Amino acid sequence: AQTVTQSQPEMSVQEAETVTLSCTYDTSESDYYLFWYKQPPSRQMILVIRQEAYKQQNATENRFSVNFQKAAKSFSLKISDSQLGDAAMYFCAYRSLQYNNNDMRFGAGTRLTVKP
Amino acid sequence: EPEVTQTPSHQVTQMGQEVILRCVPISNHLYFYWYRQILGQKVEFLVSFYNNEISEKSEIFDDQFSVERPDGSNFTLKIRSTKLEDSAMYFCASRGAIYTDTQYFGPGTRLTVL
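Top to bottom, those sequences are chains D and U.
Just so you know, we're using the working numbering here: the first sequence kicks off at 1 and counts up by one.
Just so you know, we're using the working numbering here: the second sequence kicks off at 1 and counts up by one.
For the record, the hints were derived by calculation from the structure and aren't laboratory data.
One thing to keep in mind: the hints can contain errors.
As the list claims (entries may be wrong) - Keeping only pairs whose Cα atoms sit at most 27 angstroms apart, straight-line, the calculated DSSO-like set for lysine-lysine is:
1. Lys78/D x Lys55/D
2. Lys83/U x Lys70/D
3. Lys42/U x Lys115/D
4. Lys78/D x Lys42/U
5. Lys42/U x Lys83/U
6. Lys42/U x Lys73/D
What the hints assert, rightly or not - Label pairs and their calculated CB-CB ranges:
7. Leu84/U x Ser74/D: 35 to 43 angstroms
8. Leu30/U x Thr5/D: 25 to 33 angstroms
9. Glu18/U x Gln14/D: 43 to 51 angstroms
What the hints assert, rightly or not - Selected chain D positions facing chain U (Cβ under 7 angstroms, derived; list incomplete):
10. Glu15
11. Gln44
12. Met45
13. Phe106
14. Ala108
15. Arg111
All figures in this text were calculated on a predicted structure; none of them were measured in a lab.
A virtual CB, placed ideally from N, CA and C, is assigned to each residue, including glycine.
Using the sequences and the hints given, assemble the complete structure.
Have a look at this one:
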């Protein structure tokens, strides 16, 4: 079964600085999707960024980018120019593309604090 | 932009009571999911639903849980006899017909069992 590990329970960053959140995963599959979700205090799950495993190019969404290392099974999230509104729990997630086995597997999360 | 909605936002119930959590997926989506997040823990998959039947379920989804799509828009999760440990945030998600589509999550229902 696929597992997702986030080894940093908490991270802190100064406003306007850059922070990187780590995620590793374990799978025997060659094709899958990876996601980062943001969960603010409202506890809503907000999609931040998505990466298809077959793509070598790292996904980017404005201030958010990933460093996807398929061989190392690593999928880190970089937040540039951090803003106070970025403070939240961040969950890394894996999704298989096998038919009838495409539920999301989540990591334990990293709580990001942004200091003014 | 279309979104997944869930009602109620917060449900309080007594242990042993039945609860129904409601979700309205995005209208042209065909795959539906329920996830659970106990406070302070990771989000866990419960069940997926396609073509009016369960396509996959986790070990958490035991006989006290059931799902239904009673009409063309709603997707419900029923917990027959709630336990204290069922207290959690329950998220509904949906995705389109293409298997590569992203799942979109609703805002969640906070269930508190007293």
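Results of checking the hints against the structure:
1. Lys78/D x Lys55/D: The hint holds at about 18 angstroms.
2. Lys83/U x Lys70/D: violated, 41 angstroms
3. Lys42/U x Lys115/D: holds, 25 angstroms
4. Lys78/D x Lys42/U: holds, 21 angstroms
5. Lys42/U x Lys83/U: holds, 19 angstroms
6. Lys42/U x Lys73/D: The hint holds at about 20 angstroms.
7. Leu84/U x Ser74/D: 35 to 43 angstroms: Cβ of leucine 84/U to Cβ of serine 74/D: about 38 angstroms, so the range 35 to 43 angstroms holds.
8. Leu30/U x Thr5/D: 25 to 33 angstroms: Because 31 angstroms falls inside the window, the suggested range holds.
9. Glu18/U x Gln14/D: 43 to 51 angstroms: Holds, at about 49 angstroms.
10. Glu15: Violated: closest Cβ of chain U sits about 26 angstroms from glutamate 15/D, beyond 7 angstroms.
11. Gln44: holds, 5 angstroms
12. Met45: holds, 4 angstroms
13. Phe106: Phenylalanine 106/D check passes; min Cβ-Cβ to chain U is 4 angstroms, inside 7 angstroms.
14. Ala108: holds, 5 angstroms
15. Arg111: violated, 10 angstroms
Hints 2, 10 and 15 from the earlier list are contradicted by this structure; the remaining hints agree with it.
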